[in-house]
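Go by the hints and put chain B onto chain A.
Protein chains: 2
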Amino acid sequence: MTDTPDTHTPHMQRALAACRRGIERGQSPFGACIVRIENDKPNILADTHNHVRLNTDATAHAEVMAIRDACRSAKSIHLPGATIYTTTEPCPMCFTAIHWARIDRIVYAARIEDAQRFGFNELTISNTTMKREGGARVELIADVMRDEAVALFELWQKRGGVAY
Amino acid sequence: MTDTPDTHTPHMQRALAACRRGIERGQSPFGACIVRIENDKPNILADTHNHVRLNTDATAHAEVMAIRDACRSAKSIHLPGATIYTTTEPCPMCFTAIHWARIDRIVYAARIEDAQRFGFNELTISNTTMKREGGARVELIADVMRDEAVALFELWQKRGGVAY
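Residue numbers (our numbering), protein chains in the order written: chain A, 1 to 164; chain B, 1 to 164.
Treat the hints as calculated values from the structure; they're not laboratory data. For each residue, glycine too, the CB sits at the ideal point set by N, CA and C. Just so you know, not all the hints are guaranteed correct.
[To be verified] Non-contacting residues of chain A with respect to chain B, defined by C-beta distances greater than 12 angstroms in every case (computed):
#	residue
1	H8
2	R36
3	D69
4	G81
5	C91
6	R102
7	R105
8	D114
9	E122
10	R146
11	Q157
12	K158
13	G161
[To be verified] Coverage of chain A stretches by chain B, computed from C-beta distances (three or more under 8 angstroms per stretch; other residues unrestricted):
#	region
14	23-32
15	53-59
16	70-77
Extracted from the complex, chain A is given alone in its bound form (with noise of 0.2 angstroms):
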């Protein structure tokens, strides 16, 4: 498959999707979805939200989410040939958890500083260094539909969201 400035679009919004339901449930302004083309279709192996708050857990990123979703649902901890969509640019326990699940390419739209900017206590360590320092061989696609993970974060501070 080809990738097009389209074929990003409807697994951002699902993701984009899954961040709105996660603040409409009092969470963090997370989300995203792995996907992988299976007989030339878009297979969702998992579409989630951040759960720190709801779960008290503080590993419970919408990336960690997503991939336990995945691996259960693919029946594997690895996922190669599988995209991870998400709303913000993973930070490095996400970026090193889809090291892990072998997934293949990172897609994101926020990123590490918006989030900063918005209160969260990110290390700054952005996903270029992560994969020069650490060796890792995952494609990264940046900016894709920030302006839209932007404009969550602030619904989600206008409902008083508070950051950690």
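Only chain B this time, still in chain A's reference frame:
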């Protein structure tokens, strides 16, 4: 409480015992425990091993499992004042999970390069680098009972363990 060499030994022994329980269950050779001094006594908030294969979950490293358990036990996403004892230097996923959970201190036995030598697909970023590049405040104590942890990698290998 003042640290002496013996401060860490009983807690690292607990992490090593968890690692050994994991090996006996066919899991990868990693154990962790989380301890917090409460009313002058150590409270064990979590004590577990790697569950990646058992749970079909690429994120179920010993440290992540321990943080999930400790958050649930403490009814909080933040664990200030806690120390995590882990049989191997946390990978960047686990290091960052520890940061998100606001754990104060990491005490580890084997190093990331030991895990690599036994075949694990580690990103080559040490905790020292993660701390410096990411601006983390966590305290790092290395090489506590490293030989004992490496001996458990050897036991795991002898029993036919397969790295991922």
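Against the structure, the hints come out as follows:
Non-interface call for H8(A) relative to chain B: holds, since the shortest CB-CB distance, roughly 23 angstroms, exceeds 12 angstroms. Annotated as non-interface, R36(A) keeps its C-beta farther than 12 angstroms from every C-beta of chain B; the closest such distance is 15 angstroms. Some Cβ of chain B comes within 12 angstroms of the Cβ of D69(A); the nearest lies about 10 angstroms off, and the non-interface call is violated. The claim that G81(A) is not at the interface with chain B holds, since no C-beta of that chain comes within 12 angstroms of its own (minimum 15 angstroms).
Its beta-carbon lying about 6 angstroms from the closest one in chain B, C91(A) breaks the requirement of being farther than 12 angstroms from that chain. The non-interface label for R102(A) is inconsistent with chain B: the shortest C-beta to C-beta separation is roughly 8 angstroms, within 12 angstroms. Under the 12 angstroms C-beta cut-off, the non-interface status given to R105(A) relative to chain B holds; the minimum distance is some 16 angstroms. The Cβ of D114(A) lies farther than 12 angstroms from every Cβ of chain B, with a closest approach of about 17 angstroms, so its non-interface assignment holds.
With a cut of 12 angstroms on Cβ distances, E122(A) falls inside the contact zone with chain B, its closest approach being about 8 angstroms. Non-interface call for R146(A) relative to chain B: holds, since the shortest CB-CB distance, roughly 22 angstroms, exceeds 12 angstroms. Once the 12 angstroms rule is applied to beta carbons, Q157(A) is consistent with being away from chain B; the minimum gap is 19 angstroms. No beta-carbon of chain B is positioned within 12 angstroms of the beta-carbon of K158(A); the least distance is around 23 angstroms.
Every C-beta of chain B lies more than 12 angstroms from that of G161(A), the closest at about 14 angstroms, which supports listing it as non-interface. Coverage of a stretch by a chain is defined here by at least three residues with a beta carbon nearer than 8 angstroms to that chain's beta carbons; for the region 23-32 of chain A and chain B the count is 0, and the condition is violated. A count of 5 residues in the region 53-59 of chain A with a Cβ less than 8 angstroms from any Cβ of chain B is obtained; the coverage claim is therefore met, three being the minimum. Interface restraint, the region 70-77 of chain A with chain B: holds (5 residues with C-beta to C-beta distance below 8 angstroms; minimum three).
This entry does not satisfy hints 3, 5, 6, 9, 14, going by the numbered hints stated previously.
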